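Assembling the complex is the task here: the two chains are given apart, and the hints tell you how they should meet.
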Amino acid sequence: MAEVALPARRPVAASRLAGRAADLAIRSLVPVVLALVAGGVLLYALGRSALSFYGGIWTYGIADQNWQQSATTMVPLLLIATGLTVIFRANIWNLGYWGQFALGAAVVAGYGPSLLAHLPMWFATVVLFLFAAAAGAAWTIVPAFLKARYGTNEIITTLMMSFVGVDLANILVKGPFQDPSIRTPQTRAIDFDKLMPPIPGTSIDCSLLVAFAVVLVVHYVLTRTAFGLRLQILGANQRAARHMGIRLPRLVVGSFLISGALVGAAAAAFVLSPFWGYVRADQIPNYGDEIIPFVFLARLNAVALLPFVAFYAVLFTGGDFAATQVNLSTDFLYVLVGLILLFMTVIEFLGRRRELGGSYLTVGLVQALRAPLWRRRAAA
Amino acid sequence: MIVATIWTQVFWTSVVAGGLLAGVPLMFTALGETISERAGVLNIGLEGMMLLGAYCGFLGAYYGHTQWLGYLAGIGAGAAASVLMVVLCVWLGLDQIVVGIAITLAGEGITSVLHGAQFGASEPRLGATPTLAIPGLDRIPILGEGVHGQNPLFRQPLVVYLGFALVGLVAWLFRSTNVGLNLRAAGEKPEALDAAGVSVVATRSYAALATGALAGLGGAYLSIAVAGVFTPFITQGQGFMAIVIAMLARGKPLWVIIGSFLFGISISMIDSLQLVGIDISTDFGHMLPFLAIIVALVLFARRAYLPPALALPYVRGAR
Chain A
1 MAEVALPARR PVAASRLAGR AADLAIRSLV PVVLALVAGG VLLYALGRSA LSFYGGIWTY
61 GIADQNWQQS ATTMVPLLLI ATGLTVIFRA NIWNLGYWGQ FALGAAVVAG YGPSLLAHLP
121 MWFATVVLFL FAAAAGAAWT IVPAFLKARY GTNEIITTLM MSFVGVDLAN ILVKGPFQDP
181 SIRTPQTRAI DFDKLMPPIP GTSIDCSLLV AFAVVLVVHY VLTRTAFGLR LQILGANQRA
241 ARHMGIRLPR LVVGSFLISG ALVGAAAAAF VLSPFWGYVR ADQIPNYGDE IIPFVFLARL
301 NAVALLPFVA FYAVLFTGGD FAATQVNLST DFLYVLVGLI LLFMTVIEFL GRRRELGGSY
361 LTVGLVQALR APLWRRRAAA
Chain B
381 MIVATIWTQV FWTSVVAGGL LAGVPLMFTA LGETISERAG VLNIGLEGMM LLGAYCGFLG
441 AYYGHTQWLG YLAGIGAGAA ASVLMVVLCV WLGLDQIVVG IAITLAGEGI TSVLHGAQFG
501 ASEPRLGATP TLAIPGLDRI PILGEGVHGQ NPLFRQPLVV YLGFALVGLV AWLFRSTNVG
561 LNLRAAGEKP EALDAAGVSV VATRSYAALA TGALAGLGGA YLSIAVAGVF TPFITQGQGF
621 MAIVIAMLAR GKPLWVIIGS FLFGISISMI DSLQLVGIDI STDFGHMLPF LAIIVALVLF
681 ARRAYLPPAL ALPYVRGAR
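Chains as they are written, first to last, in my numbering: chain A, 1 to 380; chain B, 381 to 699.
Extracted from the complex, chain B is given alone in its bound form (with noise of 0.2 Å):
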């Protein structure tokens, strides 16, 4: 009964419409700490920079009436949050777990208080934003089809294309390039490359602004694309979940794509069964991605992969 409910076109255009759509902000913040966690820098205050950028990212959308103005807004917002974590962390050695959780604290408390402060009760809202379609994909059955609220596989807003070749860009730097080289041995061997002539702390300290400026991008993704719309602790954990994508992914950047499509359609899941008229409660709708990583964690725990040096300062000659 419930599959044959199920097994209705509109509910698998949603469910990959919707997943893409709940995924490219998580897909952006997971980029950015793959980056930062193969260079040795675990960031726990991603959730605090993916709300600074969803608030400045939208401020700028609002005031300044384009969304690209957003986007870049939220890149300054995030990449300033980490310059925070950069010196205190990476400069001057603090513990990263705590100055995370201090990024994160202030960023939910400075984000709810500034929006309290210049919009009050009225919450505007913000048009929806320009798509581009791919030629002739977006004439496929189903996958090219759209449903209400939401955007077709294949007319995205530019930015999400720019986010997949930037995917592209970090795995081909990974694999082929001295930077890349540079980084994972950051987090690898922080020793080895100090030997080899590479200053460790300027590494880092690249990888951990990367880092702020794609979970600011995130974040300015999820107000101005998904939401249209600022509220309070909109990001909802999904800082976090990013940081486990990350893990699962093992610092593979195409894994990442993966991954975030995955957790995006777990948590759009609840609104393409509320679309065929399957009602489930919005407490185990917002569940279910994080019951999904506890799976997940416990079924490859084994598998989760964190670099050696992650987490710990580099000092040299210290043992």
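Here chain A stands alone, though its shape is the one from the complex (with noise of 0.2 Å):
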């Protein structure tokens, strides 16, 4: 009985196994369709054409030659996306990621040109790309100190250091790094064929190849080894990783300093990719705000997010032409970010109450909708 019973168990879990894979991709995905659908709603309520916008975005950000623009912008985006992925495993917030992200750029953008001038050109990247890691790095030391000897919330101490930090980047633009042959506050620009060079055959930054790199080593580093390992129990629970023996300080520090580094690490390949080669002041972008909801609707898995990240860089690089031509300002995507956060909280809700069987409302709704506040003395 028993050896006709065993075979017959193995479609079972393979089709259990499709039915997981099913459900984690349309809990990913659903989100993304809700947001689209809902921005597109508030389009047509701000009498602008959603098919326009959406069809802008596929002619500028795919059709023809575009999809290669939108993969050479996908290169930061990847590497703070990476970034933010090894933090946020261990249940850490380094939202400082706008700050790390302009201090890097400043900094390759101001040695960059003297740097590329007079060192061999592959020497002087990789040095200009450690650079960048290092100020990244080292503008989360004060969080990560903070946190790991006090516990003091590193949400806040990681937003006050990034406002700083992209102060601290404009002045640095402005000052000391400003091309002194121009009136715009603007860095010296690097020339063109010192910039990173394209993929052979394509227009595509060949930094791109570096960012798949480093995804992958990440991913490997997070899920099979040590360090990965300690990671995951520290963001599971802190009290059981201190009792494992782990050296909490150590490990949040760590943490917090490879996160910078790869922030750091992003801003060399936005200056350093063919479409920049400088810095303007006031105008150093905030990818990591726009990329973050894809870093949970990944799940914190760092090859899942290439398919996620390459999806918004075309969003990315074809919205911002899609929004000027409907007439719309280009935060436009900042509400798309917001509405794609909100849903996926709201479907990954829906979908852990249907794994436990449960019904949609929760006890405390129903308790918050029948009790007003004055009543609560009786029973005390």
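Keep in mind the hints are simulated off the structure, nothing from the lab.
It is possible that some hints are incorrect.
To be verified - No more than 25 Å apart at the CA atoms, straight line, and that leaves these computed lysine to aspartate or glutamate pairs for DMTMM-like:
| id | chain 1 | residue 1 | chain 2 | residue 2 |
| --- | --- | --- | --- | --- |
| 1 | B | Lys632 | B | Glu568 |
| 2 | A | Lys174 | B | Asp659 |
| 3 | A | Lys174 | B | Asp651 |
| 4 | A | Lys174 | A | Asp191 |
| 5 | A | Lys174 | A | Asp282 |
| 6 | B | Lys632 | B | Glu571 |
In this text, all values refer to a predicted model and were calculated from it rather than measured experimentally.
Have a look at this one:
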């Protein structure tokens, strides 16, 4: 009997796995679709054509050779997302990515022109990436120390450091790094032939390959090494981690530094990409804000970031032109990103309740609808 | 040399009055955050709620031709945004930080888009808000006098006086009423509140709503009275500053006034310095309050206090 029953179990397990995969795909895709639909409704309410906006995203983000531009845009986004994945795994919130990015960008744009002029190009490029990574990492030291030593809420400290970092980057760009030959507050532009070369046969920045490699390495470290396991334990339960003898301060500071370094490296890729070669004051983009939902949608999995970041790179590249086309501020993308985050939390919640076989209304919800504030005394 | 330049009446008058002007939006918002932090809801979406309040407040005052309609619209907008927080975080127990980030992002985006779609490049301004002098006090030299572009210290819009009264009211609420006790229990030990027969979810819901309303009011004051105009991203991180003020005030409303005033001074310091001819870069001026917060956090890291159940959804029976 048992021999007969055993082989029968196999297809069940396989279909379960397929079901789980489908479930994951649905949970990751539905929020994006819902947000796009809600965004379309909003566009309609504003009297704009949703079709021409989303059509514009296709035209400018993918059609013809435009997908290559999206692929180049993807590089800094991907590196930032990877950096955030590392630290979010430990359930630590590094929300200071803008400052880390801005400082990295300022440093690269400031030292880039002279370094690239005097050193062999490959060497100078590596040095610049390291500079930017060091700047990004350095900007996490204060929050990391406060978190590790006193348990100070890192959301607050990283945000504050972020604002200071952006201002400092602007001061650097307007001051010591200012291009003396022009009046616009920007750094000297790096010669075009000294910027990152394209992948042969395309116009895609070759640092995309570097970013892919970084994603793979980070994925390996997070899923296959002791360090990755420690991060995960810390993220799951801090007390359990301490109980296991993990040195928390070291791990906290370490994950902060790695995260900051990756965000800084993203800034180097941004400045050295063929689109730029310089930084203008007050115009350093806040990519992190826009990429954060996709870090969650990828479930803190570095490889799973690839499709999501690719999607957003298209949305971002195309959305820039598409928003102008329908005569709207490009900040509309922020609305879409916020909506994706909101729908994601809701879908996540529904999925979890369904798994547990519960109803869709919580006990608390029913209670709150019933009980006004002032009838509370009797029970006390 | 610099000391001599600074030691003028104009400078100090403008420091005090400017600190109050810039501090009032912070005060409203930080007071709101104090209420919800005490009840165990960490509201990272404050920045977005302030922006929504600032935008709707501006619209209300612009089309309604009275500041009061503006403040009402601001309160309404902030409260409406916090309904999202109440439903998702308090009722359904979703991650407060993720939802907060989402509200901030969506708030930044939607206000910028709507403002751009409605006014385009033309940026209409509001007139000066009517003020009310405290008889007697407004005659005090230095403190009572006004500098160009700022209201004198004792001649403020009515809403400022109401704001101070509100802080007092909240302090009294926390200290001597059952409502305050419930709020504190919801953040310190929700199980105990539940065991006492009080709904944790309801208590936190009211707290989060109040927070949204106050943040909206703070934003409305910013656009109506401080700037007289709405520009996208007008808050420039003040929502986050308010969170820090609430943290450092350790849940004590009266300390919120002091903290907001000090950070208000650091925001307006750049204008005061320019008044006496000391020119520092805008970037440095903008950096100052955040730098001050970092320094304050490094120095007082151990003193900052957050309730133990903060940012944790309450699930009855869960351990």
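Practice item. Against the earlier hints, flag every one the structure doesn't satisfy and list their numbers going up. Key: As far as the earlier hints go, not one is violated by this structure.
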